[in-house]
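Please model the entire structure based on the sequences and the hints provided.
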Amino acid sequence: CEQAGCSKWAAFNFEGERGGRFCAMHKAEGMVDVKNKTKRCEHVGCSKMPAFNFEGEHGGRFCAQHKLAGMVNVIIKGCEHVGCSKVRPGFNFDGERGGRFC
Numbered sequence: 033c034e035q036a037g038c039s040k041w042a043a044f045n046f047e048g049e050r051g052g053r054f055c056a057m058h059k060a061e062g063m064v065d066v067k068n069k070t071k072r073c074e075h076v077g078c079s080k081m082p083a084f085n086f087e088g089e090h091g092g093r094f095c096a097q098h099k100l101a102g103m104v105n106v107i108i109k110g111c112e113h114v115g116c117s118k119v120r121p122g123f124n125f126d127g128e129r130g131g132r133f134c
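So in our numbering the end of the sequence shown lands on 134, straight run, no missing numbers.
One or more hints might be untrue.
Unchecked claim - With a straight-line Cα cutoff of 30 Å, these simulated DSBU-like cross-link-like pairs (lysine-lysine) come out:
| no. | residue 1 | residue 2 |
| --- | --- | --- |
| 1 | Lys118 | Lys99 |
| 2 | Lys99 | Lys40 |
| 3 | Lys71 | Lys109 |
Simulated from the structure, these hints should not be mistaken for laboratory data. Computed from a prediction, not measured in an experiment: that's the story for all the values here.
Structure below.
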């Protein structure tokens, strides 16, 4: 990031420019993520990272603000217990990889 004293990864610049100049915290108004161009919300004019899609689908299509009715966060894994909406589960059965339950 070009902001004095900031050591975060720069991903933001003005549309059409090459290379990131600022991090999300220090980006100027109108700057967009130029490092992750293919991963943008499908809502026209939105440049946020998408995380929402319909259950069972792969990859995010919309950001939280523009998600459609019935869409869920498909990027951040949630607890598998029926009715639980907590994210980033940390428990699983012995010998298995990855968290499944909170």
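Lys71 and Lys109 were given as a pair; does the straight-line alpha-carbon distance stay at or below 30 Å? holds, 18 Å
Take a quick look at whether Lys118 and Lys99 sit within 30 Å of each other, Cα to Cα. With Cα atoms ~19 Å apart, Lys118 and Lys99 stay inside 30 Å; holds.
So if I understand the rule, the pair passes when the alpha-carbon distance is 30 Å or less; does Lys99 with Lys40 pass? Given that 30 Å is the threshold and the Cα spacing comes to 28 Å, the pair holds.
Of the numbered hints given earlier, the model fails none.
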